[in-house]
Every structure is written in C-alpha cells, then in structure tokens.
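*Asks:* Going down the list, the sequences are from chains B and D.
Note that this note's numbering gives residue 185 to position 185 of the first sequence, counting from 1, and the numbers run on in steps of one.
Note that this note's numbering gives residue 219 to position 219 of the second sequence, counting from 1, and the numbers run on in steps of one.
Source of the hints: derived by calculation from the structure; they are not laboratory data.
All values derive from a computational prediction rather than experimental measurement.
Do not rely on the hints blindly, as some may be mistaken.
What the hints assert, rightly or not - Simulated coverage check for chain B against chain D, where a stretch passes if three residues somewhere in it have a Cβ under 8 angstroms from a Cβ of chain D: (1) 12-25; (2) 36-43; (3) 56-64; (4) 312-324.
As the list claims (entries may be wrong) - Chain D side only, calculated, beta carbon under 7 angstroms to chain B, not exhaustive: (5) I77; (6) S125; (7) Q129; (8) I132; (9) T172; (10) D173; (11) A181; (12) R184; (13) L185; (14) A188; (15) L192; (16) E199; (17) M203.
Glycine residues also receive a C-beta, built at the ideal position from the N, C-alpha and C atoms.
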Amino acid sequence: MASFAKLLADRLTQRQKHAAATPHPDADLLTALAENRLAPKDRRPILAHLADCVDCREILSLVTNDAPVAIPAQASVSWRTLRWPLAIAASALLTFTVLHRQTPTNVISIPPQLAPQPQLEVAPTASLTVQPKPAPIHVRQKEPSFKIIPAPAVVPQSQAILSPPPPELEKQAVLSGTVAQTDSPGDRFLPQATAPPPAAPASAHSFGVRSLGLTKSKTASLSNKFWSLDSASPGTVRTSDDGGSHWSTVRVDSSTELLSLAVAGREVWIGSEHGTLFHSTDNGSHWNIIVVSDGATPLTQPITSVEIKPDGTVRIKTHSTRWITTDNGRTWLKISPR
Amino acid sequence: MNLPANDVARLHTESGAAQFAVSLEDFTAWLAPLGALESARLSEVVLARACARGNPLAWEHFINHYREKLYAAGIAITRDETRGRELADSLYADLYGTRVQDNGSRISKFDSFVGRGSLEGWLKSVLAQQQINRFRRERNLISFDDSIETAAAAADSPLPVTSDQQALATATDGALADLDAEDRLVLASYYLDQRTLSEIGRMLGLHESTVSRRVEKITNRLRKQIVARLTKAGLSRRAAEELLETDVRALEINVREKLAQERRA
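For reference, chain B alone in the conformation it holds in the complex (with noise of 0.2 angstroms):
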C-alpha cells in the first residue's frame, strides 16, 4: 500500500503541475467552506480547485487546525485536575455522613451488646484528618441472623465513621458468621494540599509539548512532561516536569532560533530556523546535531515542522521541501518538492 501511495503521490503531483489554473478562492469563499456554509454547487468548484492547489489546501488547513499546538490530554489525571472536585466531594461526603448520623435511620446493625465501638472518627472541629484508634482488631462470635433496629447511638452528633471495615474482613465475617471490627487507619486528608499551585506561565499551555511517553512511570497514563519553544530566548526550550506548573530553561544552541519541536518519550527533536536538526534521546540531557542531508547538500531552510510517526518515523518541513528519516536522522529521503 506504501508503494501504491508514492505512485499516487506522484500521479497527482503530475496532476497539479499541470492542471489548469483557476483562480483561488478568495477568504470568504473558504471561510463559508471552512464553515460548511456553501451550497453545493458553490461547494463543488472550490473543492475541484483546492485538490489541484497545494497552497489553498494548506490555506484551509491552517484555517481548520488552528488549535493551540497543546492541549492537555483528557486523559491526564493529575492533582492539579482533581484538587477542587476532591476537596468538593470530600466536603459533600463529609458533610453528608454527618447529617445522617444526626438523624436516626433503621440501619442493618447487631444488638447493643455487641456494638462495636467506633473506631475511625473525625474529630469535631473543623480538621479533616482523620485519628485512628489504636486498638486491635475485634471478631466476635455472633448468632448469624441480624435484626433490623434503630441505630444506637454509640458515636457523638459531631463524629462520623469515614472508612468501613477492609473488605476481607468483612468476607471473613460473612463466611464465618461473625462481625468483624478495625482500626485500620483511614485515609489521611492534608488541608494545605489543596491550595492552589503556583500558575503556569501565561504561554505554557498553549505553545507546549506534551510529553506522550512512559516518562514517570509504566502506566498507561500520560505524562506531565510539557516541552515549549521559547520564543523569547533563541536556542532554548522550556520544560515543566509538573504539568506546567513549574518551568525551566533548557539552553540548546544559542547561535540559532529554534522553530519547532516534537516529543515522543523521551524522545525529543527540535528545528531550527537554519536547517538544523537536534535530536534527544534523553528528555532533553545530551543534544545531537543533526544535519538533513539528500546526500549533496544540507538543508540549510528554516525547518517550520517537525513530526514523529507512531512507527518512529519523523518527518520535518520546511517551506517548499518535506523530509523523512526512518533510521533516527542518518538518512534523509527529501519528499514531494513542491
């Protein structure tokens, strides 16, 4: 099939030298396109026009894709993302376990005698942390029917139980008819975590990389390595190893602005306005200079593009030439000259 699309490709490189030139549609012609406001008649010769004009297509293009370079993934699950919705639903379960402990319900329960006590409360004030009860684990021998009565009221208005038993005590009671009982420690809530980091520098989400590798770790949650051109500082980048939260400089080649930028894991490449190439293979630690060469002459244009394909491929453009490498930069194959 690769074969078939080089023939393709050239078929209809052919096709575009050669068509007949047509006027390219003016801005408000593409912006209805764009917008899918044309008739269909309207539609059709603009469609016609824009298959045999590269610079139309890309005017299109650029029109349509025009979203940051990164958005954070959706799939990222970081403290930064969940800090309010924890504290929110803390609160509510909080909030929610009180009141119901206020107000006497018929509850699955075991008679007075062998209540347990509580173990796991929270303290009346305001503190969310929670103070476990030294005490060992209790499993009593019990008849194994249990009655519906009201709920005694062994724990104070102001205390609630948060965590109940570990659940393989739990089974162990079931299968055993008996109730069991702990002071497992519960979770530890720590207030001053939910204060809000320090912001993100005003261009840091909007113009970085995200990192998509297993950086941290061999989940399959993405990483929060964002990488972003620092346009105000030729020959740098700026890396955040916390989401965007935190930046720092990393000083590449200070002789030349660098122009674009792809990351995969941990590996990096980053373009240059002079034709030239750094790769990483460290997240960033050593650069390698890489010289795009079709054997006689090294790229010396601004490379304005940068890619790495799935299959570790990458591909870079510059204004009027694509290249690609599928051997880490040590040959490049020049594609479609425009």
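Please arrange chain D on chain B, whose structure you already have, making use of the hints.
*Replies:* Here is chain D on its own, set in the frame of chain B:
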C-alpha cells in the same frame, strides 16, 4: 437582497448600521448585492463596511471584539507567539487600507467581506492567506538554491519510462480525473500533503473515521479502475494487475536505490 422598505429600516437598526452612522441609503446599497444572510452575519458585514469607511466607533468595536481573536488565530497559524502577534498586527494596515483609489477613497480589505461565513472565520482565512503569501515570497527569495537542488535531484534520477509504465501513468491519471472533486481533495491531502485523518476531517467537516473509510474506499476503487483502464488499453487483466504490482516493486527499488546513492554520496 431586495427587501421592502420597512424591512430594510428594521435591519438598518438591528444590524447596528445606525450606531456606526451608516445612512439608510448606503445601507440599502450594501444590501443589494448580498444574498440571504443571517442577522449575525449582516451585523458583521455592517461592522466590516463601517470599518472600511474609517468609522472610529466601528473600529473601536472591532478592536474590542476581535483583537484577541486575531492574536489567537495568528499564534495558532504560525505556532509561535511572537510571529503570530506580528502576523496579526500586520493585518491592520490591509484592513484599514493603505492604497487610495482615483476618487480618493481607500481600498480596505474589509470591502471583500460579504458575509458568506463569519467575520472571525474570514479574519482567520485572511491571516492564513497572509502567511502563505509570506511563504511564497520567502520561497521566491530562496528559490535559487532550492531550484538548483531540485534540478540536480531531477537530473540525478532520470527514471527510464517504459511503454508499460507510461500506460500505467495514463491509466492512473485517467482514474484520478474521474474521481469526485472531494475524493481527489481527500487523496491529495492524505498522500501528497501527508495530513492526518483528523486534519482532513476538520478541513471537510467529517469525522476522522469517516475520512479513514473514505480513503480506503477511494484507494480500492482507484486500483480497480486503473486495472480496468489498462485492460481497456489492450492488456489482459492478469497482465494489468502484474504491471501494477511490478511498477510498485520498481518504485520500491527506486526508493532503495536512491537512499543507497545518498549514503554513498
């Protein structure tokens, strides 16, 4: 758009034309060449025309509502904050109009907005055109080296074209010409421009899975049509299929040879 006088007067008020000191006569004249427009589009056309006439209130309104959008679009297009802002700022001269007609009136870019799409979308398109024009200019400036490079590359690889390969090229060209314009656009975007399925989807207002299915469908149809055309040209079906496969293998060899030459050089 020919409307009764009452409707024109109502639209004159609703579109904000009165706010920008546009007379009812001028407004009527503007309406005449326009097709049916949504009221929001009409307001945008009025704003654009009022800006074109240099109305300060209209410019204030435009700056307040579109300045940041223009910056955002410029940055998204150039993928660089400084360049994006510079691109957006460079548009104001054209929007205001620096050329003057014989009658003394300025030629404003705003005059070409007729409200087929939104004003915001139009501004994005104009910015994108500006960016491409810059590329063209830069390409012209650096084209000498590039043309030498391209010519040298072409001279290095004068691929011998056999009659069968010529027949295959003719059959492929014919099959491509028979395609629907949108299908050809999808193929050109995918195979020539190397755009992703989602990019093509956004260009055409389609979901990327729809684009994926369409690429597969068009490609399969093209293969069949190429074989059919070769058969019609006198080849047996088997020979036509073999030619297609042979040519594919030849292309692979050519690529490998070219890479090997480059390594040797």
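*Asks:* State for each hint whether it applies.
*Replies:* We went through each hint and held it up to the structure:
1. 12-25: Coverage by chain D holds here, the residue count being 5 at a Cβ distance below 8 angstroms.
2. 36-43: Since 3 is at least three, the answer is holds.
3. 56-64: holds (count 8)
4. 312-324: holds (count 5)
5. I77: 5 angstroms, holds
6. S125: S125 of chain D check passes; min Cβ-Cβ to chain B is 4 angstroms, inside 7 angstroms.
7. Q129: 6 angstroms, holds
8. I132: Holds, about 5 angstroms.
9. T172: 5 angstroms, holds
10. D173: 6 angstroms, holds
11. A181: 4 angstroms, holds
12. R184: 4 angstroms, holds
13. L185: With a minimum Cβ separation of about 4 angstroms from chain B (threshold 7 angstroms), the hint on L185 of chain D holds.
14. A188: Since the shortest Cβ distance to chain B is 5 angstroms, the answer is holds.
15. L192: With Cβ-Cβ at 5 angstroms, under 7 angstroms, it holds.
16. E199: 5 angstroms, holds
17. M203: Given a least distance of 5 angstroms, the restraint on M203 of chain D holds.
No hint from the list above goes unmet by this structure.
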